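Visitor: The lines below spell out each chain.
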Amino acid sequence: MKNDIVSLYRRRGLKRLAAMAFMAVFLAVAFSFSMGIGSSGISLYEAYSALMTKTGENSLIIWEIRLPRLIMAVIVGWGLAMGGAASQIALRNPLASPFTLGVSSGAAFGATVIIMSGALSPWLTAAAAFAGAVLTTAAVLGIAKAKGAGPGSIILAGVALMFLFSAMTSLLQYTATMQQVQAVVFWMFGSLANVGWPHIGVAFVLTIVPSLWLIRHSWDFNMMLEGDETAKAFGVNTERLRLMAMTAAALMCASSICFTGVIGFIGLVSPHIARMLLGSDHRALFPASALIGACVVISADTLGRFVWQPQVIPLGIMTSFIGVPFFLWLILRGNREAVR
Amino acid sequence: MIKTDDLCFSYGKAAVLTDINIRVNKGEFAALLGPNGSGKTTLLRLILNILKPASGAVTAGGEDVRKIGRERFSRKLAYVPQHISNKFPISVFDAVLMGRRAYMGWGPSDCDLEAAETVIRRFKLEDIAMRDMTSLSGGQRQRVILARAVVQEADFIIMDEPTSSMDLRSQFETMDIIRELAAGGKGILAAMHDLQLAASKADRVFIMRGGAMYAEGKPDTVINGAMLEDVYGVKADVIKTAGFFINILGVKN
Numbered sequence: 192m193k194n195d196i197v198s199l200y201r202r203r204g205l206k207r208l209a210a211m212a213f214m215a216v217f218l219a220v221a222f223s224f225s226m227g228i229g230s231s232g233i234s235l236y237e238a239y240s241a242l243m244t245k246t247g248e249n250s251l252i253i254w255e256i257r258l259p260r261l262i263m264a265v266i267v268g269w270g271l272a273m274g275g276a277a278s279q280i281a282l283r284n285p286l287a288s289p290f291t292l293g294v295s296s297g298a299a300f301g302a303t304v305i306i307m308s309g310a311l312s313p314w315l316t317a318a319a320a321f322a323g324a325v326l327t328t329a330a331v332l333g334i335a336k337a338k339g340a341g342p343g344s345i346i347l348a349g350v351a352l353m354f355l356f357s358a359m360t361s362l363l364q365y366t367a368t369m370q371q372v373q374a375v376v377f378w379m380f381g382s383l384a385n386v387g388w389p390h391i392g393v394a395f396v397l398t399i400v401p402s403l404w405l406i407r408h409s410w411d412f413n414m415m416l417e418g419d420e421t422a423k424a425f426g427v428n429t430e431r432l433r434l435m436a437m438t439a440a441a442l443m444c445a446s447s448i449c450f451t452g453v454i455g456f457i458g459l460v461s462p463h464i465a466r467m468l469l470g471s472d473h474r475a476l477f478p479a480s481a482l483i484g485a486c487v488v489i490s491a492d493t494l495g496r497f498v499w500q501p502q503v504i505p506l507g508i509m510t511s512f513i514g515v516p517f518f519l520w521l522i523l524r525g526n527r528e529a530v531r
Numbered sequence: 619m620i621k622t623d624d625l626c627f628s629y630g631k632a633a634v635l636t637d638i639n640i641r642v643n644k645g646e647f648a649a650l651l652g653p654n655g656s657g658k659t660t661l662l663r664l665i666l667n668i669l670k671p672a673s674g675a676v677t678a679g680g681e682d683v684r685k686i687g688r689e690r691f692s693r694k695l696a697y698v699p700q701h702i703s704n705k706f707p708i709s710v711f712d713a714v715l716m717g718r719r720a721y722m723g724w725g726p727s728d729c730d731l732e733a734a735e736t737v738i739r740r741f742k743l744e745d746i747a748m749r750d751m752t753s754l755s756g757g758q759r760q761r762v763i764l765a766r767a768v769v770q771e772a773d774f775i776i777m778d779e780p781t782s783s784m785d786l787r788s789q790f791e792t793m794d795i796i797r798e799l800a801a802g803g804k805g806i807l808a809a810m811h812d813l814q815l816a817a818s819k820a821d822r823v824f825i826m827r828g829g830a831m832y833a834e835g836k837p838d839t840v841i842n843g844a845m846l847e848d849v850y851g852v853k854a855d856v857i858k859t860a861g862f863f864i865n866i867l868g869v870k871n
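Protein chains in written order, with this note's numbering: chain A, 192 to 531; chain B, 619 to 871.
With the rest of the complex left out, here is chain A (with noise of 0.2 Å):
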């Protein structure tokens, strides 16, 4: 009798665990099955035979177009949906996500410089993008350290340089060509094609570093659901908690839509799902957001390549179009207590 409730603990813990252990099997049927996907022909057992004997000519198409893409897809994923967690917490607004502090209306103007300046490197887009992204997060979060770091001003000044930025890539785009235009557009779009094993390297280690320091501090961030002052009075310097969890989130962000373009909608509404069935301990919320973003991201990305083939529909599209059905009917079922 003496450990009943360490042992009903225990196993609602493991509930959790087998609930995340499902997501993880999704995901990885969704990315098996999406290994014969394209526009190519090349089928499911094909392409596990190219990929295995790395011989003929298919295996060129699997391990330098397809299997790049589908890691990106889940690096994507993963990382706008916990950003999207770790800005709704350290925000205290459900409608927040890393794009709240201007992350992708920077890296879009970014990129559209290069993009106007003419010059044709992926990477050299990538990096503006980048540059263009953090450099925004640095002057909201600095903006909001003058004022104390309060999630009100950090909001106010995100969605303030998000307009200015914006205004600034639409002045851009009016005196832009067609061409550039176009270029311009397709970059916004959201896309995993043009991604190779370089830019997965980069995206991994700025998405895993900050994800595991997000985890580590799971218990803070659930302190923090109980107000600043109790989160303070354990102990939890909640300023600096705050601004490091926004600068995670914006590094996560930041590197995947430099490599990929504007996918929005993730970041905001995967930790919702997640909230919705497992609840708002931050210990399941982040890796579960982490889970649901790579099944969407990995889903759309699918879907996008296979319903109009050969034509490819934009990944920043198919994601609302997989997402927000899903979500809308979680809305309607409102049951929070799917899980628990």
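Derived by calculation from the structure, the hints in this document are not laboratory data.
Note that this is a predicted model, so its numbers are computed, not measured.
Incorrect hints may have been included.
Pulled from the structure, derived: some chain A residues nowhere near chain B, Cβ distances all over 12 Å [claimed, not checked]:
id, residue
1, V197
2, R203
3, A212
4, T244
5, E255
6, V304
7, F377
8, L434
9, G470
Here are the simulated DSSO-like pairs of lysine-lysine, each with C-alpha atoms no more than 27 Å apart in a straight line [what the hints assert, rightly or not]:
id, chain 1, residue 1, chain 2, residue 2
10, B, K705, A, K423
11, B, K621, B, K705
12, B, K621, A, K336
13, A, K206, B, K685
14, B, K836, A, K336
15, B, K685, B, K670
16, B, K694, B, K836
From the three backbone atoms N, C-alpha and C, an ideal C-beta is built for every residue, glycine too.
Take the given structure of chain A and dock chain B to it, following the hints.
Guide: For chain B alone, coordinates are given in the frame of chain A:
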């Protein structure tokens, strides 16, 4: 001992607290009394290092609370806030387990889980241990937060209106728990509005008025008609029997 030395605090140029000197010993239950706006909550926030004093210092067990690390701070001071949000969406067990945060690495050890379970049983919370905090009544939430302060194993517990959202029976049960904690060696400082409860249960009372300390001492010597009129602007008879009774006669103009 919790000790404040000439503690002052101001919002901009407006002085909120001036020269507060208090001492709270281990094994003692001290009640902090005074009308709204007298500075009770501000004093608690300064002791908990939530606010930074304009001048003066706070020490707990001889160490400056502003200079000790997080783990040592948690071993010195626990906090029971006045209001627990009804939108605090985690389980009762997790809420109690939070008290062990300073002792954890990536997660709770078996020792942390066992400590939480023991305190949950002590506070008779086992039937609601897996429920969400959002589904509890105000009184139940307050008991959970008291349990969390106890599992923290701090030398001192700072409480802001610990019985504010409780019915009469729960108030007395909570007071009994507080007395039991003091008897077990904890030093407790609780801001309170209920003078009768404070007078009948506290070892010592501090009376605040207008951001300064008006009086301190044993309840039966400090709580009297003159004090009630000076501090609260209320004319009242204080009848001291086996219990303690304040008969309100009227409000002073």
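Visitor: Between K694 of chain B and K836 of chain B, does the CA-CA distance stay at or below 27 Å?
Guide: Holds. K694 of chain B to K836 of chain B sits at ~25 Å (cutoff 27 Å).
Visitor: Far enough from chain B: is every CB of that chain over 12 Å from the CB of F377 of chain A?
Guide: holds, 41 Å
Visitor: Starting from K206 of chain A, check that the Cα of K685 of chain B is at most 27 Å away, please.
Guide: violated, 42 Å
Visitor: Any Cβ of chain B at or closer than 12 Å to E255 of chain A, or is the non-interface label fine?
Guide: holds, 38 Å
Visitor: Check whether the Cα positions of K705 of chain B and K423 of chain A lie no farther apart than 27 Å.
Guide: Given that 27 Å is the threshold and the Cα spacing comes to 18 Å, the pair holds.
Visitor: For the pair supplied as a hint, K685 of chain B and K670 of chain B, is the alpha-carbon distance within the 27 Å limit?
Guide: holds, 12 Å
Visitor: The output says T244 of chain A does not contact chain B. Does that hold with a beta carbon cutoff of 12 Å?
Guide: holds, 41 Å
Visitor: Is it correct that the beta-carbon of V304 of chain A has no partner in chain B closer than or equal to 12 Å?
Guide: holds, 42 Å
Visitor: Is L434 of chain A truly not at the interface, in the sense that its beta carbon sits beyond 12 Å from all beta carbons of chain B?
Guide: holds, 17 Å
Visitor: Regarding the pair K621 of chain B and K336 of chain A, is the alpha-carbon distance no greater than 27 Å?
Guide: Not satisfied, since the Cα-Cα distance of roughly 32 Å exceeds 27 Å.
Visitor: Does G470 of chain A sit more than 12 Å from chain B, CB to CB?
Guide: violated, 6 Å
Visitor: Grab the minimum beta-carbon distance between R203 of chain A and chain B and tell me whether it stays above 12 Å.
Guide: violated, 6 Å
In summary, the numbered hints that this structure violates are 1, 2, 9, 11, 12, 13, 14.
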